[in-house]
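**Student:** For reference, the chains in residue letters:
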Amino acid sequence: MKKLMVLGATSGIAQAVQRKVAQEGKELLLVARSADRLEVLRQDLLVRGAVNVFTFAMDMDDIAQHAHLVQFAQKNFAGFDTLLLAYGSMLDQTQCDHSGELTAQQLHTDFVSAAALLTAFTDYFEFRKSGCMAVITSVAGDRIRRSNYVYGTAKGALTLFLAGLRSRLRCAGVKVLTIKPGPVNTAMTAHLSNSEKFADPELVARDICRALERQSPEIVYTPGIWRYIMQAVRAIPEPIFNWLVSRHGPAAARPKKS
Amino acid sequence: MQSKDAPLAVADSGYTSWGRYPRVAHEAVFRVDWSQQVFPLLQQAAPASLLPYGLGRSYGDLCLNAGRSLVDCSHLNHFLAADFQEGWVRCEAGATMADILSLIVPKGWFLPVTPGTKFVTVGGAIANDVHGKNHHRAGTFGCHVRKLALCRSDAEVVTCGPSENAGLFNATIGGLGLTGVILWAEIQLKAIQGIGIDLDVLPFTSLEKFLALTVESDQDYEYTVAWLDCLTAGRQRGIFFRGNHSAAPFPKIRAHKSPRVPFDFPEWTLNRFTMKALNAGYYWRNRHKKNRPLVAYDPFFYPLDSIQQWNRVYGKQGFLQYQCVVPEHSFAAFEQLMELVSQSGRGSFLAVLKRFGSRKSPGLLSFPRPGLTLALDFPMHGEATLRLLETMDDVILKGGGAIYPAKDARMSPAMFEASFPEWRKLRPYIDKKLSSSLWRRVTEGLQP
Chain A
686 MKKLMVLGAT SGIAQAVQRK VAQEGKELLL VARSADRLEV LRQDLLVRGA VNVFTFAMDM
746 DDIAQHAHLV QFAQKNFAGF DTLLLAYGSM LDQTQCDHSG ELTAQQLHTD FVSAAALLTA
806 FTDYFEFRKS GCMAVITSVA GDRIRRSNYV YGTAKGALTL FLAGLRSRLR CAGVKVLTIK
866 PGPVNTAMTA HLSNSEKFAD PELVARDICR ALERQSPEIV YTPGIWRYIM QAVRAIPEPI
926 FNWLVSRHGP AAARPKKS
Chain B
186 MQSKDAPLAV ADSGYTSWGR YPRVAHEAVF RVDWSQQVFP LLQQAAPASL LPYGLGRSYG
246 DLCLNAGRSL VDCSHLNHFL AADFQEGWVR CEAGATMADI LSLIVPKGWF LPVTPGTKFV
306 TVGGAIANDV HGKNHHRAGT FGCHVRKLAL CRSDAEVVTC GPSENAGLFN ATIGGLGLTG
366 VILWAEIQLK AIQGIGIDLD VLPFTSLEKF LALTVESDQD YEYTVAWLDC LTAGRQRGIF
426 FRGNHSAAPF PKIRAHKSPR VPFDFPEWTL NRFTMKALNA GYYWRNRHKK NRPLVAYDPF
486 FYPLDSIQQW NRVYGKQGFL QYQCVVPEHS FAAFEQLMEL VSQSGRGSFL AVLKRFGSRK
546 SPGLLSFPRP GLTLALDFPM HGEATLRLLE TMDDVILKGG GAIYPAKDAR MSPAMFEASF
606 PEWRKLRPYI DKKLSSSLWR RVTEGLQP
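First to last, the sequence lines map onto chains A and B.
Position in the first sequence counted from 1, then plus 685, gives you this note's numbering.
Position in the second sequence counted from 1, then plus 185, gives you this note's numbering.
Watch out, some of these pointers could steer you wrong.
Taking lysine-lysine and the DSS-like style, the derived pairs with C-alpha atoms no more than 25 Å apart in a straight line are [said to hold, decoys possible]:
#1 A:K705 to A:K687
#2 B:K610 to A:K882
#3 A:K814 to A:K882
#4 B:K332 to A:K705
#5 A:K711 to A:K882
#6 A:K760 to A:K882
#7 B:K394 to B:K332
#8 B:K375 to A:K687
#9 B:K501 to A:K882
#10 A:K860 to A:K705
#11 A:K711 to B:K292
#12 A:K882 to A:K687
#13 B:K610 to B:K545
#14 A:K705 to A:K882
#15 A:K705 to B:K545
#16 B:K303 to B:K292
#17 A:K711 to A:K814
Simulated from the structure, these hints should not be mistaken for lab results.
Full structure from sequences and hints, please.
**Tutor:** Take a look at the structure:
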């Protein structure tokens, strides 16, 4: 990997990945909504050793803006070899329960816009016949739970989409990497109870960087133990699973009142 | 959708101090990830309701705000600028000593002053005006802060330094986090030739011998400190460590996963017998004078960091740390203290002794002053432990000494007044929206 584009550079996991990549003296293009925050990130990564850091402010949820990013990348970040999609949102499930609009919004941000943005760059990767498209989905997409099923649906759909991209890009020699973190301690999950027990973004970033440098595997769970946890969870028949979940209530993913 | 600058409320779990005593509940905890989020938080806050929180390595209640709120600043950790020719770095206040070291060491620089753990934030290091094994040469952390930026409820960003808003600068150093939320700080670094430390290990068998050793060693050695066995009645034996940065090449340090204490040990784990055994074992292992040529800097400066969450060994009860300083001529006070501790059988494995130098810190409430400092841990066994520490306070008071707020959970207002007779000078600089459990405790009943 020499030139990395990060979509959602202000996210907790993305920042941890960017820092590791910067230390190795690579080039980065950071994409996020806030120009101010992008500037802070740019300075941070330059201090840490990045050779070059470009920034592009846009709302990735707005599909009409995607073409501008593609043009910017062609002009200023030509020849980039790795793309990491790290943006997402986590709306309150209890609110989504009663609002079609919020449900649609969550699905749009985390799945529809992501699929569209990946599509905007697929031709580029298909043409150059090498490189890696990496996307952070979630273990929440492996098995749907009552406590965050809209979020889980979006991430699960994205995982499926990536499987499709993978089969499309196989002959072109482009790697499609699906990254499935368990719960990670970032600003997105900070409102949940017990969030300090979630995985450290540093460790997740280490796993991601390792996966980006390797050819395989193309589906990575981080921390690694989640691969086995989800295998076991997926094996539970749905009626039993639903009964188990209902017994323990909407578990960890519930905002805590202190 | 929440505005991205709106304060993010998080659960109050895991926000303790290092000694885990006292345990308090907070009304709210806010998390900031970006500097712009701080000012709106301060503006909206009720008077005396907030306190910045870093990594909670203060031992007592300095970093706690019982019944009120905290601002978790530990994610405000970006680097803003650095100059590896002149040797300085500017970083947000949530960056840790560990973060800075991993950036600067490969480039031939080191921290000018470092406390005994690298898991403290720059903000915490400034608010406590921390010191290290080289105080006799380099003074405190605050001596090496070139400038800093504060966010106050009445001003979004105030830059201060020795020649700019100097009053506020001096108040912020050692200012217990009460003068505002530190947004960033610029730290002067120290050039090093290599990452190893030339280390000498010298056992001693009395406090007088320690004093002689340190007076001699402080001339030629940058880093000096002693571990003391405080559980043997009568004689005080210990191990003296002295070291200098080494120019010799050091083999590459392998990154290793440090073990973590996974749960709170039961309360009886650290008792009079196990601790005596631990002490005897440690002294035995180090009893021969050693000129070990080279050790890596990490285990020399941060021996306990290799075990994550070692504070859990003390169990759910938590523990108290008692760190005091007395002028050199009141040295006998330490012998009295040692008597008290060994009689009570309540002391612990970790007793550290060091001679402070005379380099003055700019901080108004700076703890280190010329003399000798002693730090002891005590498992919290309720009233008996608190009574013991009170009798120790009397000894220190008579000796003209002081207690270190960063370690304190229980000193009385009278003891605080005796330790920091100039404390009132801090008052005008305290931001009206900020307060802490420690501040309310140690200033209760004192004349403003």
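**Student:** Determine for every hint whether it applies to the structure shown.
**Tutor:** We went through each hint and held it up to the structure:
Between K705 of chain A and K687 of chain A the alpha-carbon distance is near 13 Å, which keeps this suggested pair within the 25 Å criterion. Distance check on the hinted pair: K610 of chain B and K882 of chain A sit about 41 Å apart at the alpha-carbon level, beyond 25 Å; violated. Only pairs whose Cα atoms come within 25 Å are accepted, and K814 of chain A paired with K882 of chain A is rejected, the gap being roughly 41 Å. Note on K332 of chain B and K705 of chain A: the hinted pairing is violated, with a Cα-Cα distance of about 28 Å set against a maximum of 25 Å.
The straight-line distance between the Cα atoms of K711 of chain A and K882 of chain A is roughly 32 Å, outside the 25 Å bound, and the hint therefore fails. Only pairs whose Cα atoms come within 25 Å are accepted, and K760 of chain A paired with K882 of chain A is rejected, the gap being roughly 43 Å. Distance restraint check for K394 of chain B and K332 of chain B: the Cα-Cα separation of roughly 41 Å exceeds the 25 Å cut-off, and the hinted pair is therefore not satisfied. Note on K375 of chain B and K687 of chain A: the hinted pairing is violated, with a Cα-Cα distance of about 33 Å set against a maximum of 25 Å.
For a cut-off of 25 Å, the pair hint linking K501 of chain B to K882 of chain A stands: about 18 Å separates their Cα positions. Proximity of K860 of chain A to K705 of chain A is assessed by CA-CA distance (about 21 Å); at most 25 Å being required, the pair is judged to hold. As the CA atoms of K711 of chain A and K292 of chain B are separated by approximately 18 Å, the hinted pair is consistent with the 25 Å bound. Proposed proximity of K882 of chain A and K687 of chain A is contradicted: the alpha carbons are some 34 Å apart, above 25 Å.
Restraint check: the Cα-Cα separation between K610 of chain B and K545 of chain B comes to about 17 Å, which is no more than 25 Å; the hinted pair holds. Among the hinted pairs, K705 of chain A with K882 of chain A is consistent with the structure: their alpha-carbon atoms are about 23 Å apart, no more than 25 Å. A threshold of 25 Å between alpha carbons decides the hint, and for K705 of chain A with K545 of chain B the separation of about 39 Å lies outside it, so the pair is violated. A distance of roughly 18 Å separates the Cα atoms of K303 of chain B and K292 of chain B; the hinted pair therefore holds under the 25 Å criterion.
Between the alpha carbons of K711 of chain A and K814 of chain A the distance comes to roughly 21 Å, so the proposed pair stays at or under 25 Å and holds.
Hint compliance for this structure: hints 2, 3, 4, 5, 6, 7, 8, 12, 15 are not met, and every other hint is.
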